[in-house]
Amino acid sequence: MSQPKTIFEKIWDKHVVKRADGYPDAVFIDRHFIHEVTSPQAFDGLRKRGIGVFNVNRTTATADHNVPTKDQHLPIKEALSRHQVETLRKNCAEFGVELYDLGHPFQGIVHIIGPELGLTLPGMTIVCGDSHTSTHGAFGNVAFGIGTSEVEQVLATQCILQYKPKTMKIEINGKLGKGVVSKDIILYIISKISASGATGYFVEYAGDAIRSLSMEARMTICNMSIEMGARGGLIAPDETTFAYIKGRKFAPQGAAFDLAVEEWKKLKTDEGAKYDTVLTFDAADIAPMITYGTNPGMGMKVTDRIPTANELKELNEQVSFKKSLEYMGLEQGSQLLGKAIDYVFIGSCTNARIEDLREVAAMVRGKKKAAGVEVWVVPGSKQVQEQAKKEGLDKIFEAAGFELREPGCSACLGMNEDKIPAGKYCISTSNRNFEGRQGPKSRTFLASPLSAAAAAITGKVTDVREFNVKS
Amino acid sequence: MSKEKFQKLISPAVPIAVENIDTDQIIPARFLKATTREGFGDNLFRDWRYDGNNNPIAEFPLNNAAYTGKILVAGKNFGCGSSREHAAWAIYDYGFRVVVSSFFADIFKNNALNNAVLPVVVSDQFLNELLETIQRDPKTEVTVDLENQFISFNGKKEGFQINAYKKTCLMNGYDDIDYLLSLNREIKEYDLTH
Numbered sequence: 183m184s185q186p187k188t189i190f191e192k193i194w195d196k197h198v199v200k201r202a203d204g205y206p207d208a209v210f211i212d213r214h215f216i217h218e219v220t221s222p223q224a225f226d227g228l229r230k231r232g233i234g235v236f237n238v239n240r241t242t243a244t245a246d247h248n249v250p251t252k253d254q255h256l257p258i259k260e261a262l263s264r265h266q267v268e269t270l271r272k273n274c275a276e277f278g279v280e281l282y283d284l285g286h287p288f289q290g291i292v293h294i295i296g297p298e299l300g301l302t303l304p305g306m307t308i309v310c311g312d313s314h315t316s317t318h319g320a321f322g323n324v325a326f327g328i329g330t331s332e333v334e335q336v337l338a339t340q341c342i343l344q345y346k347p348k349t350m351k352i353e354i355n356g357k358l359g360k361g362v363v364s365k366d367i368i369l370y371i372i373s374k375i376s377a378s379g380a381t382g383y384f385v386e387y388a389g390d391a392i393r394s395l396s397m398e399a400r401m402t403i404c405n406m407s408i409e410m411g412a413r414g415g416l417i418a419p420d421e422t423t424f425a426y427i428k429g430r431k432f433a434p435q436g437a438a439f440d441l442a443v444e445e446w447k448k449l450k451t452d453e454g455a456k457y458d459t460v461l462t463f464d465a466a467d468i469a470p471m472i473t474y475g476t477n478p479g480m481g482m483k484v485t486d487r488i489p490t491a492n493e494l495k496e497l498n499e500q501v502s503f504k505k506s507l508e509y510m511g512l513e514q515g516s517q518l519l520g521k522a523i524d525y526v527f528i529g530s531c532t533n534a535r536i537e538d539l540r541e542v543a544a545m546v547r548g549k550k551k552a553a554g555v556e557v558w559v560v561p562g563s564k565q566v567q568e569q570a571k572k573e574g575l576d577k578i579f580e581a582a583g584f585e586l587r588e589p590g591c592s593a594c595l596g597m598n599e600d601k602i603p604a605g606k607y608c609i610s611t612s613n614r615n616f617e618g619r620q621g622p623k624s625r626t627f628l629a630s631p632l633s634a635a636a637a638a639i640t641g642k643v644t645d646v647r648e649f650n651v652k653s
Numbered sequence: 670m671s672k673e674k675f676q677k678l679i680s681p682a683v684p685i686a687v688e689n690i691d692t693d694q695i696i697p698a699r700f701l702k703a704t705t706r707e708g709f710g711d712n713l714f715r716d717w718r719y720d721g722n723n724n725p726i727a728e729f730p731l732n733n734a735a736y737t738g739k740i741l742v743a744g745k746n747f748g749c750g751s752s753r754e755h756a757a758w759a760i761y762d763y764g765f766r767v768v769v770s771s772f773f774a775d776i777f778k779n780n781a782l783n784n785a786v787l788p789v790v791v792s793d794q795f796l797n798e799l800l801e802t803i804q805r806d807p808k809t810e811v812t813v814d815l816e817n818q819f820i821s822f823n824g825k826k827e828g829f830q831i832n833a834y835k836k837t838c839l840m841n842g843y844d845d846i847d848y849l850l851s852l853n854r855e856i857k858e859y860d861l862t863h
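Chains as they are written, first to last, in our numbering: chain A, 183 to 653; chain B, 670 to 863.
Bear in mind the hints are in silico, worked out from the structure with no lab data behind them.
Positions of the beta carbon are idealized from the N, C-alpha and C atoms, including for glycine.
There could be a bad hint or two in this list.
Here are a few chain B residues that face chain A, going by a calculated C-beta distance under 8 Å [as the list claims (entries may be wrong)]:
no.: 1; residue: Asp691
no.: 2; residue: Arg706
no.: 3; residue: Gly744
no.: 4; residue: Ser751
no.: 5; residue: Ser752
no.: 6; residue: Ala774
no.: 7; residue: Ile776
no.: 8; residue: Asn779
no.: 9; residue: Asn783
no.: 10; residue: Tyr834
no.: 11; residue: Tyr848
no.: 12; residue: Ile856
Please model the complete structure; the sequences and the hints are all you need to start from.
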């Protein structure tokens with residue numbers, strides 16, 4: 183019998199077109215997503231070389247990072263942003279790439295539309311010029327973020343030159359506690375292993391706590407793999423995966439679907455396969471989480487106290503820690519519970535799927551946001567927006583004083599006008615709390631959609647377990 | 670297409686003794702609206718370099734005239750976060766050709782190598798000594814020798830690892846796409862059969 187392999191190795195090895203001594207692997211890419219911010223220079227590169235896109239059927243484009251979330255039917259006001267989106271239009275038309283532009287029923291955040299449209303499937307290799315491409319791994323594929331030079335490589339050759347990363351298994355077993363959702367699981371893992379704890383690795387998430395999650399929840403976990411430095415993260419496909427894919431626009435249909443499922447069922451790690459690292463956590467130890475610092479590794483249980491510099495081992499670490507707390511305007515050893523917040527952002531490729539909006543709506547139904555707090559709900563895609571309206575979630579948000587916007591990356595990275603003002607605190611369902619991430623001098627607390635909704639109502643950092651939430 | 674070559678560099682260095690420097694600090698998102706690769710250097714470390722009124726922040730090393738040169742030295746886990754290649758373009762455009770740290774994020778490392786910027790990984794101890802030395806004497810000359818794979822200053826020397834393929838590319842200004850284009854026949858065959 184051949185050497186037992188992990189699911190990651192099976193997919194990777196199957197896609198190696200050329201493995202030569204002294205060279206990285208030339209890995210074939212099944213699906214390439216592009217957007218307006220990291221693609222223009224890549225298309226310029228193709229023009230300079232006088233070549234086209236290798237296979238336009240494997241590339242899909244959308245506009246998401248730099249688009250307004252209000253009045254998308256009107257021309258974009260800001261000149262540079264308008265130019266960037268127009269450049270994407272021009273490039274897609276010239277090279278023959280399918281574009282889901284503003285106003286198109288399939289437009290949305292690139293990592294939300296791929297799965298939604300059935301473009302993201304098990305066993306694939308998927309890349310995009312965006313680090314959160316790891317999201318797609320929830321379907322049991324090898325998906326990772328790349329730079330613009332690599333976007334050019336893939337457009338030109340449908341391949342990428344890469345060294346095979348090491349493998350890590352992260353297993354979570356047991357039952358999740360009340361008010362604990364998938365965002366808390368991933369924030370918990372990152373707080374345990376740090377913002378660089380998985381650098382150089384491709385992660386596989388396993389264990390019964392992961393198996394019990396919906397596809398939306400699995401995507402949230404895989405999405406934040408990059409926040410611990412991982413090249414990507416995946417979850418082996420199962421019946422939950424197949425049920426999600428069935429009937430999606432670009433997924434195999436009918437008999438072809440049944441055949442595909444038979445193949446996808448083989449996508450699991452063989453008995454006896456070796457990982458370079460294995461970590462195991464107990465689901466019962468996970469509580470609603472919140473970050474207090476300026477990298478996603480600086481997180482804690484919402485009821486915990488912020489550590490003190492003395493608790494950190496290295497001097498360099500202490501310096502960075504103090505800088506971080508100074509930026510956040512927080513005291514070492516203090517508690518975040520009860521801290522007043524100014525903004526709530528519910529959105530991003532981490533938590534802007536329909537399930538996230540449903541959870542938030544269920545929590546705020548019949549309630550009102552706290553005075554002085556501004557709440558933005560930015561759906562992940564046009565389809566999510568339409569579905570939310572169909573279910574009447576828009577009415578619930580409106581009654582609560584939440585503003586339902588149009589789809590895009592929005593205040594997750596503050597490239598458009600959706601910025602958190604200097605010095606203000608925002609509880610955010612997004613993925614990064616870096617300095618200035620949500621706007622110059624903005625201060626971010628990362629948390630789950632449930633925790634963000636609770637904070638919107640109370641106006642302060644809240645233990646969601648005090649609310650009547652389902653377990 | 671040929672790129673700038675890198676073989677050996679002797680230069681003073683600029684220290685930024687902060688850990689976990691993410692690419693949002695290197696180049697904030699609001700400066701990613703350009704559609705070309707040039708001009709990002711002006712906004713390198715924008716929000717650490719300038720205050721809200723666009724006045725230079727004196728204590729930030731890039732604003733300290735004593736620090737010069739083409740080598741940036743920074744704390745561990747440099748380049749984490751967003752995959753934006755604009756971070757590597759900004760570093761290059763500003764004039765740096767080497768970044769020294771004890772640990773780099775994967776995507777940034779690839780982006781740097783694809784843009785004639787050499788990431789040099791050193792031990793924590795070597796990094797601390799280098800940072801302290803530059804801070805004490807900003808004129809300290811640092812040597813980065815790619816061919817022989819070592820970095821040295823004031824008689825202290827440490828070897829560094831670099832992948833043989835990437836080393837050849839940097840030393841000769843080769844480009845990944847040239848190699849991949851040479852595999853065109855194999856790739857086409859794979860595409861048709863999968």
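Going down the list of hints, with the structure as the test:
no.: 1; hint: Asp691; verdict: 5 Å, holds
no.: 2; hint: Arg706; verdict: 5 Å, holds
no.: 3; hint: Gly744; verdict: 6 Å, holds
no.: 4; hint: Ser751; verdict: 5 Å, holds
no.: 5; hint: Ser752; verdict: 4 Å, holds
no.: 6; hint: Ala774; verdict: 6 Å, holds
no.: 7; hint: Ile776; verdict: 6 Å, holds
no.: 8; hint: Asn779; verdict: 6 Å, holds
no.: 9; hint: Asn783; verdict: 4 Å, holds
no.: 10; hint: Tyr834; verdict: 5 Å, holds
no.: 11; hint: Tyr848; verdict: 7 Å, holds
no.: 12; hint: Ile856; verdict: 5 Å, holds
Violation of the numbered hints given earlier is absent; every hint is satisfied by the structure.
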